[in-house]
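**Student:** Given chain A's structure and the hints, the job is docking chain B onto it.
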Amino acid sequence: MKIGVVTFPGSLDDRDAARAIRLAGGEPVALWHADSSIKKVDAVVLPGGFSYGDYLRCGAIAAQAPIMKSIIKKAGQGLPVLGICNGFQILVESHLLPGGLIRNEKQHFVCRDQKLRVENIDSAWTSEFQVGDEITIPLKNGEGGYIATEETLKMLEGEGRVVFRYLEVNPNGSMNDIAGLRNERGNVVGLMPHPEHAVEPGFGPDSPVAMRSGIDGLKIFQSVLKSVITA
Amino acid sequence: MIIDTVKQSKIEPDKDQPFAALGLKEEEYDSIREILGRRPTSSELAMYSVMWSEHCSYKSSKIYLRQFGEKVTPEMKKHLLVGMGENAGVVDIGEGLAVTFKVESHNHPSYIEPFQGAATGIGGIVRDILTMGARPIAVMDQLRFGAPEHPDTARVVHGVVDGISFYGNCLGLPNIGGETVFDKVYQGNPLVNALSIGALKHEDLKLAKADKAGDLVILFGARTGADGIGGVSVLASETFDADGPSRRPAVQVGDPFAEKVLIECCLELFAAGCVSGIQDLGGAGISCATSELASNGGKGMKVQLKKVLLRDESLTPEEILMSESQERMMAIVPKKHLRAFKKIVNRHEVEYSVLGKVIRKDRLLINWGKEEIVNVPPRTVAHDGPVYERPVRKPKWQKSLNEDSVQSRGLYRANENSTDLASQFVQIVSSPNQADKSYVTDQYDRYVGGNTALAYPDGAGMIRVSEVSGLGVALATDANGRYCQLDPYQGAQLALAEAYRNVATSGAKPLAVTNCLNFGSPENPEVMWQFKQATTGLADACLALEIPVTGGNVSFYNQTGDTAIYPTPVVGVLGVIDDVARRIPSGWQDEGNNIYLLGVTKDELDGSVWAEVVHDHLGGLPPTVNLSHEKALAELLHGASLQGLIASATDLSEAGLAQALTESVLRFNMGARVWITEICERDAVDKTAALFSESTGRVLVSVGREDDVKFVGLCDARSIPVLRIGVTDNTGELEIQDLATWKIDELRTPWKATLPELFG
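Line by line, the protein sequences are chains A and B.
Counting from 1, one number per residue, gives the positions in the first sequence under my numbering.
Counting from 1001, one number per residue, gives the positions in the second sequence under my numbering.
So here's chain B without its partners, still in its complex pose:
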């Protein structure tokens, strides 16, 4: 094999290099030449190409993501131990404990190879969490598939769900919830987002930095293979040896067993104080780990690439630098701890190799045997990539889409026809997006660890962190692509408001935010406008709710041909609860409780499930958001749960009151008698809106009779509109007066049957 060296780059300064095929623009290539004062070697070019890719460099999104760091108050930062920019944010939850959490996309690999794509999505996010020094304690997944009846959808659903099940279950991490959404807009671009959360003591925090010259650079875990080469960019083969394997799969292949062993091994290394810095290997592999560790530590690194343990001896240096083989970590180990390090990795039968050491000089030097193949300032690779302010333009169709509302269309409302209205109710709650998701969630282990306090079908997931005090965290994620298509600014705020409300209904206090921003191509000015609007909306709303964004991920290019997906910013909210025993159930458990609707119902049906399922319509403007009301509502729920006044709480969002009633009944099989006439009268809405409007800031709570006066008093004191709309009873029925009476099974059977009929 012919190796392109630094020396060679000077001998042959004008060699033609395939920068375009590697995904670099001409001006990017020129600036690499300028940085180095010569042409890059093929290895350097490989490194820059992956690290300057959209996925790794955030070059199109950076200028907007800054808002998350700027629109904050000192108060918001109070609980932040580590903010944006690290592998994951870290939040202080009290008692000397902290949690770290982040959501990340694995959309493109999951469409090409759903099983491995989704599996390694879990693997990757879990390593990010581990890298912070935390024990991973739970996962969640946010999935968006094409139309349920499309012939290709089942392939993707089966592959993705099996992949998550295979990897997550084998890691021993409880899956505590997520989202499963179907829409034809995701047909060619399914979204597979994975979230992980980890817990640590404050003093155990680890950072990805190599800041002491002389420390050793050790690669450990799985061997490096040919999988995932160019996973973050595009790879041309012409610079590589024609004798070697030519076509490399760009999707990584995961081995959850290796990762489980790696997790236990790393936690033991951390506990023994063996490592001074650590970085996981994910996108851009060794290129990323070496340059980021050195850059973060303000130091340099000298590495012998021939020391990398390989699965395939024919790999070229360029391929080794770019490989995204899974289940690998890079540790920075002080020399005096090498013996202890070896002892622990050997006990876990994990392979390792000392690649080199940290050097004082701010250069990343990589040798292939005696030949120097990389000699660059690490910061230029890791952090000083290009930044673009791409053109933005409000889409031409936006105005006409917003004008095409439920109202202007005059879509049929079955207000005067109880039979029609009742059948719409069942049709909506058993539609694929509203129906029971246990077909999916029953393929995941939600019990392992013994700390799961809430999981699907509860509205938020909740995990106990301290077995001593019961201290725990709640997590909910939400996104509504339809709302965002109508108005990305408001759509992002709606996602945040819903996740925030879900956390509040569990009894926890919202504390921090993560996001996974799934969009089309940034080179399309209309998509860039959506991105700008969504990030601005989200940052503004975080400031209003006083909860900071701690990290996240951007996924662009979710686009087939000219059609982009709906803008889909997935927003995750983390809350803290002093004792998980205090959590609020999401369904009715006791008979004779009063059912209250908190908040006001408006005629907000544009973009709703009702408009989609009954009328196949998307147009108009999404529901309005009142963030100060959301905040007051969350405070009320928190206060009431501290006093033990609330027997259950369910938030109203997609499919409005109809969905909340259904879920409340089905959770524990407790019936109820409900009336909606007073909603119609007080809020001046019709029955359709009362049942299906998706107005925000609403929660359905049940309260024991003995706590009635106290609870209503609390609401009044905080000026939260409250209306008694029913009472629970043990008749085995849900009765909505003047509309319908269903036996519980008449709701349960269609609600449960939908997904198994489609995919079972």
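One chain only, chain A, in its complex shape:
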């Protein structure tokens, strides 16, 4: 199972995403922003980071990269695509997901172990969860406040397209506590928290079992492997 991870200039968590894919049992494939081919991968991850230094708007320049043309086209045909943090911003800038992401409410970058509730499992990236699961995933962003028009919010909520919601603390002022979304078809998911940082015991968030040992993020990558097999 091949999952592409795109590196843009300024991508930071690309190697982490590749590791997460490996730990979930997939084969990561490095993709370069300036290429137009996505090398026959079965799914794509747009990793976190500061592509193009967040110049203009977060994700805006990356959304114009040559490789995004293929990804947008293939996403329309059902290719599973996951956007993490900056990747989520790129998905929004590419209009694969609606709404926008703005500066955190408190104007600071925030890094914390964030509790989330899984709201929807009808997507390529969340099928291994149960609705209502409470998971802990590291969150780290400066511009993670989700905004959308009232109409869009109503549509997203009505169609069950909010996949993750912040629990206990809304870290960035996101509307409706939205942490992650899917598209109508369920193959494209974007979220602000970083599941690739909760995949390996010893290097994740604290868990009740042991220090820095939470691996709740792994299921996101396992979900896509399963969905690709069954598709």
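Simulated from the structure, these hints should not be mistaken for lab results.
Every value quoted in this text rests on a predicted model; they were computed, and no experiment measured them.
Note that beta-carbon positions come from the ideal geometry of N, C-alpha and C, so glycine has one too.
Just to be clear, a hint being listed does not mean it is correct.
Claimed, not checked - Partial pick of chain A residues on the chain B-facing surface, computed with a CB cut under 8 Å: (1) P9; (2) R19; (3) G49.
Unchecked claim - According to the in silico footprint, chain A covers these stretches of chain B (three or more CB under 8 Å from chain A): (4) 1168-1181; (5) 1253-1265; (6) 1441-1449; (7) 1578-1590.
**Tutor:** Here is chain B on its own, set in the frame of chain A:
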């Protein structure tokens, strides 16, 4: 624009030159004339002025820094691949891997412009690490601000923390810890020190030298602009063209995106074997890079300065030579690799320009078009700067300060009043220097890279280097300006002992040292005495602990008016751990574990947090250090962790047992029942000392009951004093018998609230 050339310097030999305004002393100017056998051109003068500045030449500190190279045994050098004098030291950690690490100051720019000052502080140290051929893998920062309630402190705190957050996060380097300290003595002189660590394979080591004639000299990365001119010295404008922009900002402006791209580009160039030497451009810019590369390689260089890509076409040659624009590197590239070099930089969309080539003759020749503007022996610029043995004098006030102790003052101790003592406990652990620092650390990415094994609130930072074996390194830094003010010799040793202990409590074996020596003006003999004492103390202690100093940085002139900061030598200790999975947590996780206090408690409250927070007092003598005991303690912790005997370990330092207990409880929300009467009896100290003394060589460990006998046996075998002082339990409380019982939240709430209330 009128260009001052070598030719012109001979035609007009007695021209008045603004050497004093450039920061050079008359005798320094005279020796430049002597070296050259003529007056320097204005470009040469600019180069010498920045390279002979205190910051670049270490002219006041050199004679003392030599101790770090002299007070070593062959055994200590065993793991050193590169020692002092290079951009950063390199230490062998086994498995064919090495790490390079260094801490550096960016104090002055951070006071003038906190955001950019701190940001470019991170940028600069990361480039130093990259220059060694290493992939940077983590950063830490050591911050000292003025009084928390002073109206200007918030400006500096917000700017500095935002700057580090902005730059470090965007580089994708996990921030794994550091220090945040408040004291009114830093009001006009905040200290912003930044540390970076990088990892490399032995064979990938790169050095800053141009040693093969014919190789090309290539400047690449960001364009050269007007920022940071004279950042390391002072710049007068009179020699420069009146038509050009006259006032230049002396603080550099950083672009972390450009640096991130530059890092990936450099690592690809290294891997492809394209470069034979590399130097980053930081302080003193092109002046530094050209002269150091040539001098280190024992060769010369011929450079066409008009080839430098500029952001501002109006820059004069002098300004180009001195600019400290960030995110630039200079590579020495063999001609046959030029094509491969171009391919890689183009792929990363990084701009480059071939400035010239390495020449056999030991001269640095720089042309501006057809005019020769620099013709000097590179060594005289880079390495043979002036060296001063400045006058030293023990401060007049030292004796009276040392006599003014907690004891002689008869400061009130609440030994007989549990209510008072309990409220002192909470007051101390929630004071700004002891309180939760996550207000700061939560603005930094500690996860990126996926190799962070320990980070704040753990006592040391730890990073996995090999994903195959789990091999990793731990890092801790410490400094206590208050101790150093009381006794700089001992204060420096205390900083080393604490950092060493912090590394040992993480389960790692201490291996090497870096330092950032923050002091007042070297022209003040009393400051120079402090510097001499501190460096001597540190070098002596490194020898006793058998860990070498691999590099560091000196920051003088941290002084406003006549008042210098407390001497603040920040000491960083690097340790190695064979498998980070074996690391020791810094808090209690399991109930029913026994809590042991290792080491002896003395009545050492002078210079303590207790004296500061409860009595606003600084006087007396700092705690004593017993380095052979520290060593035995570290060996015990290492041995016990290899056998998996220790469930947690927390070192005792500032605020003593009170702080260690608080942190142990709050780390994982595990309660405990603790008694201190036996400490008082065995060590003949009162309750105040038992709780708040800052005696060294102490660690709080928790041990599962099944490992009890074995653990105590280990301690006895190594003659480490050990005392059971409590047991962990899941009641959600910390009970100190005959003193107080707190619900965990009664400690957590004030501990967490302090910094957000001040700065949130």
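**Student:** It remains to establish, for every hint, whether it holds in the given structure.
**Tutor:** Status of the hints after comparison with the structure:
Annotation: interface hint on A:P9 holds; nearest CB of chain B at approximately 5 Å, less than 8 Å. Among the interface hints, the one on A:R19 holds; its C-beta lies about 6 Å from the nearest C-beta in chain B, closer than the 8 Å criterion. Residue-level restraint check for A:G49 holds (minimum Cβ-Cβ distance to chain B is 6 Å; threshold 8 Å). Counting residues of the stretch 1168-1181 of chain B whose beta carbon lies closer than 8 Å to any beta carbon of chain A gives 4, which meets the minimum of three for the stated coverage.
Counting residues of the stretch 1253-1265 of chain B whose CB lies closer than 8 Å to any CB of chain A gives 6, which reaches the minimum of 3, so the coverage claim holds. A count of 9 residues in the stretch 1441-1449 of chain B with a Cβ less than 8 Å from any Cβ of chain A is obtained; the coverage claim is therefore met, three being the minimum. Counting residues of the stretch 1578-1590 of chain B whose C-beta sits closer than 8 Å to any C-beta of chain A gives 4, which meets the bar of three, so the coverage hint holds.
The structure fails none of the hints (numbered hints given earlier).
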